[in-house]
Amino acid sequence: MNKAEREKWYEYHSGKEGIPVEYLKRDFEDELSGKNAMDDPLEIPDKMDVIYKYSYGQQSRFFRELRENKKIYGAKCNQCSKVYCPPRATCSFCYEPTEWVPLEGTGIITACTVQYFTTSAFIKKLPFICAYIKLDGTNFIMMTNIEAKDVSQIDVGTRVKAHFREERHGAITDVYFKPIEQE
Amino acid sequence: MRKVAIVGMGTTKFKARWLDKTYYELAFDAGKMAMEDAGINRKQIDCAVYGIYNDFFQRQYQPDAFVHDYLGLGLKPMVRVNSGGATGGSALRIGYSEVASGLYDICLVLGVEKCNDCYNYEVQTTTPEVLRAILYTADMTYDNPAGRTAASGFALAVIAHMKKYGNPTEEQMAKVSVKNHMNATKNPIAQSPKILTIEDVLNSRKIVEPFKFYDNCLYTEGSSAVILASEAVARELTDKPVWITGVGASADYVMPGNRPNIYTFESSRQAAKRAYQMAGIKDPIKELDLAELHDAFTGTEIMAYEDCFFCEEGQGGSLIDNETVMPYGELPVNLSGGLIGCGHAVGATGIMQTYEVALHLRDEAGERQLKNARRGLVQSIGGTLCTWTVCLVLERED
Numbered sequence: 002m003n004k005a006e007r008e009k010w011y012e013y014h015s016g017k018e019g020i021p022v023e024y025l026k027r028d029f030e031d032e033l034s035g036k037n038a039m040d041d042p043l044e045i046p047d048k049m050d051v052i053y054k055y056s057y058g059q060q061s062r063f064f065r066e067l068r069e070n071k072k073i074y075g076a077k078c079n080q081c082s083k084v085y086c087p088p089r090a091t092c093s094f095c096y097e098p099t100e101w102v103p104l105e106g107t108g109i110i111t112a113c114t115v116q117y118f119t120t121s122a123f124i125k126k127l128p129f130i131c132a133y134i135k136l137d138g139t140n141f142i143m144m145t146n147i148e149a150k151d152v153s154q155i156d157v158g159t160r161v162k163a164h165f166r167e168e169r170h171g172a173i174t175d176v177y178f179k180p181i182e183q184e
Numbered sequence: 235m236r237k238v239a240i241v242g243m244g245t246t247k248f249k250a251r252w253l254d255k256t257y258y259e260l261a262f263d264a265g266k267m268a269m270e271d272a273g274i275n276r277k278q279i280d281c282a283v284y285g286i287y288n289d290f291f292q293r294q295y296q297p298d299a300f301v302h303d304y305l306g307l308g309l310k311p312m313v314r315v316n317s318g319g320a321t322g323g324s325a326l327r328i329g330y331s332e333v334a335s336g337l338y339d340i341c342l343v344l345g346v347e348k349c350n351d352c353y354n355y356e357v358q359t360t361t362p363e364v365l366r367a368i369l370y371t372a373d374m375t376y377d378n379p380a381g382r383t384a385a386s387g388f389a390l391a392v393i394a395h396m397k398k399y400g401n402p403t404e405e406q407m408a409k410v411s412v413k414n415h416m417n418a419t420k421n422p423i424a425q426s427p428k429i430l431t432i433e434d435v436l437n438s439r440k441i442v443e444p445f446k447f448y449d450n451c452l453y454t455e456g457s458s459a460v461i462l463a464s465e466a467v468a469r470e471l472t473d474k475p476v477w478i479t480g481v482g483a484s485a486d487y488v489m490p491g492n493r494p495n496i497y498t499f500e501s502s503r504q505a506a507k508r509a510y511q512m513a514g515i516k517d518p519i520k521e522l523d524l525a526e527l528h529d530a531f532t533g534t535e536i537m538a539y540e541d542c543f544f545c546e547e548g549q550g551g552s553l554i555d556n557e558t559v560m561p562y563g564e565l566p567v568n569l570s571g572g573l574i575g576c577g578h579a580v581g582a583t584g585i586m587q588t589y590e591v592a593l594h595l596r597d598e599a600g601e602r603q604l605k606n607a608r609r610g611l612v613q614s615i616g617g618t619l620c621t622w623t624v625c626l627v628l629e630r631e632d
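Line order of the protein sequences matches chains V and H.
The first sequence begins at 2 in the working numbering and counts up by one.
The second sequence begins at 235 in the working numbering and counts up by one.
Hints are computed from structural coordinates only; laboratory data are not their basis.
The reader is advised that the hints may include incorrect statements.
Not everything, but these chain V residues come out facing chain H in the computed CB check (under 8 Å) [claimed, not checked]:
#1 Pro42
#2 Val115
#3 Ala122
#4 Cys131
Calculated cross-link-like contacts (lysine-lysine; reagent style DSS-like; alpha-carbon spacing at most 30 Å) [claimed, not checked]:
#5 H/Lys255 - V/Lys26
#6 V/Lys36 - H/Lys247
#7 H/Lys247 - V/Lys150
#8 V/Lys125 - H/Lys440
#9 V/Lys54 - V/Lys26
#10 V/Lys126 - H/Lys440
#11 H/Lys237 - H/Lys516
#12 V/Lys135 - V/Lys162
Every residue, glycine too, gets a C-beta built ideally from N, C-alpha and C.
Excised from the complex, chain V in its bound form (with noise of 0.2 Å):
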């Protein structure tokens, strides 16, 4: 390809697929210069990509309380009583109806790790700590950012309490966690 149809390239897959097009031209420029013999195998950029309106169904409500309340709701059991947080309409033990009800916020850490490393939707967060925690009044566990000012004060049964972000999109990171002490 010449110089102009290698810009016109770099612009249709830039828009295509979103990357910019000093990164294509980095990965792209000898294949397209025809560094490359005819039977080499050609890499291509491609990108797989669905757009949702998507139902929250049953669980609604929660995040909307988050959202537009900075609440936390678990779903309790009418039968067994056991505690859903993350929420379900109906038990999975029980088969019957659960029923909302507002949680405190305060949880304790059941585990917790620092990482270092992540996908290419987070890397720009790293390092960061992800932690399994179990809210008060429920009888279940959730995955969740907790946010230190040092890693050495977060340890399994370090007592946590949920903090709520400026910016709320009815997404479970509308809510994060902070150890209770450091407040």
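Model the placement of chain H on the given structure of chain V, informed by the hints.
Structure of chain H alone, referenced to chain V:
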């Protein structure tokens, strides 16, 4: 149920990048090798089971259809299974059922995975994008948005185990890494043969507490296949049949809140128990000669010693310290190098592990051949905190 034997098998090399093959071209190579090994051609195959994990890796939904076409198996029944890291084990379990039930006499079980077409253009490596593809399998509503990875999920379980039992220690985990990389030096298909010291592992860069770089398996491209046959057909085809005498499987609650704890993998315990029961094994450490366990991480190999009943709960770390699981030990684990040394080509992995055990049972493992190998275990696990486990017991004829 009818007896089922492995009558043929083949595998490609496990490596980071098969730049010159698509996933179905890679699958073709393994399938062809397995058919040649069994002395059959494509027309003699009655049905197929494909183990392919991640559609994002392959850049293709329903990739099984294209593998089936490329192998020239059109109009024969087939099904694709996907159970995360346990995909290969699950494919074998379904293939076993196809033949044991009497529905079919000859079944091709083929796993393939090609992950490293995923690519992060900013950092110019594949791994962060491979991880992004994997994380679509974490709960999208509550789990994925926290940015956790497969490694951090298992790290949380290992940390819970350490808190409960005081092991595995980081040094014990490093010993497992040294062992598996060392074992890989004798395996011609392995991706990561290396002579490492415990310090090399401990000093390698942190990935997720407590795992360092060498505690983790790598992302691998590869394909492995076996041909399963009924007893009557097996007798005609080979004088070295490898019998599948135990099959156990379990799928745990994926939401850890529904489990009593996260420091044991109950699906692994259930699957092992069932496989031993079926094979008539009462004392696995005495009655098994070798095992291929799913060492996606060093810490989970140590947890697997417990979950497969090689020792009491909480004692896993002792088996690497006292060298039980070394190639010269009482029960060698991961002579192939495992996922850490040989590689983890997800859908193919359980089939590669089975290939390895069968190779020893057929006395064809070359430099790493275990003497008098008569019976071996394959453990295939996958999913958030080991949602799925499949265990297989394989035995030689005499």
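Evaluation of the provided hints:
Checking V/Pro42 against chain H by beta carbon gives a least distance of about 5 Å; that is within 8 Å, so the hint holds. Hint on V/Val115 holds. Least Cβ distance to chain H is approximately 5 Å, under the 8 Å limit. Against a cut-off of 8 Å between C-beta atoms, the interface hint on V/Ala122 holds, since the closest Cβ of chain H lies about 5 Å away. With a least beta-carbon distance of about 4 Å to chain H, the hint placing V/Cys131 at the interface is held under the 8 Å criterion.
Between the alpha carbons of H/Lys255 and V/Lys26 the distance comes to roughly 24 Å, so the proposed pair stays at or under 30 Å and holds. Of the pairs offered as hints, the one joining V/Lys36 and H/Lys247 holds, with about 28 Å between alpha carbons and a cut-off of 30 Å not exceeded. For the proposed pair H/Lys247 and V/Lys150, the alpha carbon gap of about 46 Å is over 30 Å, so the pair is violated. Among the hinted pairs, V/Lys125 with H/Lys440 is consistent with the structure: their alpha-carbon atoms are about 17 Å apart, no more than 30 Å.
Restraint check for V/Lys54 and V/Lys26: not satisfied, since their Cα atoms lie roughly 34 Å apart, outside the 30 Å limit. Restraint check for V/Lys126 and H/Lys440: satisfied, since their Cα atoms lie roughly 16 Å apart, inside the 30 Å limit. For a cut-off of 30 Å, the pair hint linking H/Lys237 to H/Lys516 stands: about 21 Å separates their Cα positions. Restraint check for V/Lys135 and V/Lys162: the C-alpha separation of about 11 Å stays at or below 30 Å, so the hint holds.
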